[in-house]
Amino acid sequence: MVTDTHSSHRSDFFHEVISDTPGGEQLAHCLQCGSCSGSCPNGADMQYTPRAIFAMINANRRDDVLSSNTMWCCVSCYFCTTRCPQKIPITDIMYALKRLAIVEGKAKDTDAPALAKTFTGFVEGYGRSFEFGLASRYYFFNKPLSMFKLVPMGLSMLTRGRMHLRPNKIRQVDQLRAIIARAREIGGRS
Amino acid sequence: MKTYAYYPGCSLESGSAAYDVSVRAVSKALGFGLEELDDWNCCGATEYFSQDELVATSVIARNLAICRADQKELVAPCAACFLNLKKTDHLMGEHRDVCRKVNEALAAGGLHYDPGRVRVRHLLDLIYTDIGEAALRAKAVQSLKGVRVAPYYGCQVVRPMNGFDNTEYPMKMDELFTWLGAEVVDYPVKAHCCGGHMTQISEDAAFELIRRLLDSAVEYEADMILCMCPMCQLNLDAYQARVSSFFDKNFQVPIIFFTQLLGVALGLSFEELGIGKEIVAAGPVIKARLAAQQSAANA
Numbered sequence: 006m007v008t009d010t011h012s013s014h015r016s017d018f019f020h021e022v023i024s025d026t027p028g029g030e031q032l033a034h035c036l037q038c039g040s041c042s043g044s045c046p047n048g049a050d051m052q053y054t055p056r057a058i059f060a061m062i063n064a065n066r067r068d069d070v071l072s073s074n075t076m077w078c079c080v081s082c083y084f085c086t087t088r089c090p091q092k093i094p095i096t097d098i099m100y101a102l103k104r105l106a107i108v109e110g111k112a113k114d115t116d117a118p119a120l121a122k123t124f125t126g127f128v129e130g131y132g133r134s135f136e137f138g139l140a141s142r143y144y145f146f147n148k149p150l151s152m153f154k155l156v157p158m159g160l161s162m163l164t165r166g167r168m169h170l171r172p173n174k175i176r177q178v179d180q181l182r183a184i185i186a187r188a189r190e191i192g193g194r195s
Numbered sequence: 020m021k022t023y024a025y026y027p028g029c030s031l032e033s034g035s036a037a038y039d040v041s042v043r044a045v046s047k048a049l050g051f052g053l054e055e056l057d058d059w060n061c062c063g064a065t066e067y068f069s070q071d072e073l074v075a076t077s078v079i080a081r082n083l084a085i086c087r088a089d090q091k092e093l094v095a096p097c098a099a100c101f102l103n104l105k106k107t108d109h110l111m112g113e114h115r116d117v118c119r120k121v122n123e124a125l126a127a128g129g130l131h132y133d134p135g136r137v138r139v140r141h142l143l144d145l146i147y148t149d150i151g152e153a154a155l156r157a158k159a160v161q162s163l164k165g166v167r168v169a170p171y172y173g174c175q176v177v178r179p180m181n182g183f184d185n186t187e188y189p190m191k192m193d194e195l196f197t198w199l200g201a202e203v204v205d206y207p208v209k210a211h212c213c214g215g216h217m218t219q220i221s222e223d224a225a226f227e228l229i230r231r232l233l234d235s236a237v238e239y240e241a242d243m244i245l246c247m248c249p250m251c252q253l254n255l256d257a258y259q260a261r262v263s264s265f266f267d268k269n270f271q272v273p274i275i276f277f278t279q280l281l282g283v284a285l286g287l288s289f290e291e292l293g294i295g296k297e298i299v300a301a302g303p304v305i306k307a308r309l310a311a312q313q314s315a316a317n318a
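Sequence lines, in order, name chains A and B.
Under the numbering used here, the first residue of the first sequence carries the number 6, and numbering increases by one thereafter.
Under the numbering used here, the first residue of the second sequence carries the number 20, and numbering increases by one thereafter.
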């Protein structure tokens, strides 16, 4: 792994972003080539493209980055990551920005944090995800007006036996919860 | 008979049950065993990574840690499960601090995992590499001649790491169905994104990505799209009617899992393969193509 010889010149925000991303130190070698932005299927919807976001991280524009919609447009397709000539784990950096934005309460105009919380809530309750519970709880609390649009699709899934109305639970759910609790302690984030 | 540990993943228990049913049926027909990993837990998809990196990797690592010593290869058909399992093993192997912290978390559950102990495989790799062309040709009893398929790989099996195919323009599913006699169309968007969870968060963004995939299949006159990810199947199949009305189109593109059509070639019935669980029916076009083979042979 190549390490950054000029790390002292980097912004505080740069260090904050890469500290929580394995391999994130590669960001120091960004060439601003824009391969990431050109590869992104959702680039057109982003306030700032990934290339611009990396320049802003270097310029310490913490608030602008964390309150942007950029990372919330990322669907983890990894095109940017595999195409980056400098091997920057871009998708993972987008995850790091999502985490920081949630912690700081800066995630706005997106239901992604709510979907994530609802999803993982079921995992912690049962050890498995639960599609019907996820969809109904998430839409009820976040998009109640959209629920009616989903009824025909839900019925199609139900009649084909593709929607189970009860969750499956693993036997050792307490073990899983203990692991999660310890990981949260170590990570220092709840 | 070689037996692999099997990680079905949550989607294969409900919305994508057809994938699970066809995977198990195909494994029997091809003569390899799948032993479901006992008491596996959800991989968290992309949802833990946006909240806590260490929780995300620890939740995934529990599945690697509970593999018995003799379970050296773990097979996952779902794209997100495959990537999460493979990525966690990789991160633990590459970054000593990640490995230490994940094991510290696992210890709270009395578990431990040494990276590299379990080899995570995708089902396509297993069928392509371990079973291979000769065995597949020998076991195929029903030619797929005349069936035009668009092979759709999506994102998370082929990127960022897969160890068996190209990340930009994968070919293994193309080759596999060529061996079975199908007409594989050159599907330019084969590794593009279906929108993932954006169908739940921002429909407009997701619908445009789904439209491109369906439009391209129509343009190349594919009879169906074959996929290998539950999320792709759900977005392309269950949302197809709404994408059609959103763009004022009339899409009728059947979307099935690659194992379902593979099973047809192996002589299995539609019922054994879960064909009919998809919302845009694939059965009629498959029947029509196979019937056309018959009438050509009789003529």
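Do not take every clue at face value.
The calculated DSSO-like cross-link candidates involving lysine-lysine, where the alpha carbons are at most 30 Å apart (straight line), are [said to hold, decoys possible]: (1) A:K174 x B:K268; (2) A:K111 x A:K92; (3) A:K111 x B:K120; (4) A:K174 x B:K120; (5) A:K113 x A:K154; (6) B:K120 x A:K154; (7) A:K154 x A:K122; (8) B:K120 x B:K164.
To spell it out: a stretch of chain A is covered by chain B in this simulated footprint if at least three of its residues, at any positions, have a beta carbon under 8 Å from a beta carbon of chain B; those stretches are [said to hold, decoys possible]: (9) 102 to 111; (10) 180 to 186.
Simulated from the structure, these hints should not be mistaken for lab results.
By construction, the Cβ of each residue, glycine as well, lies at the ideal position given by its N, Cα and C atoms.
Quiz item: Where does the structure disagree with the numbered hints, that is, which hint numbers, in rising order?
Solution: 1, 6 and 8
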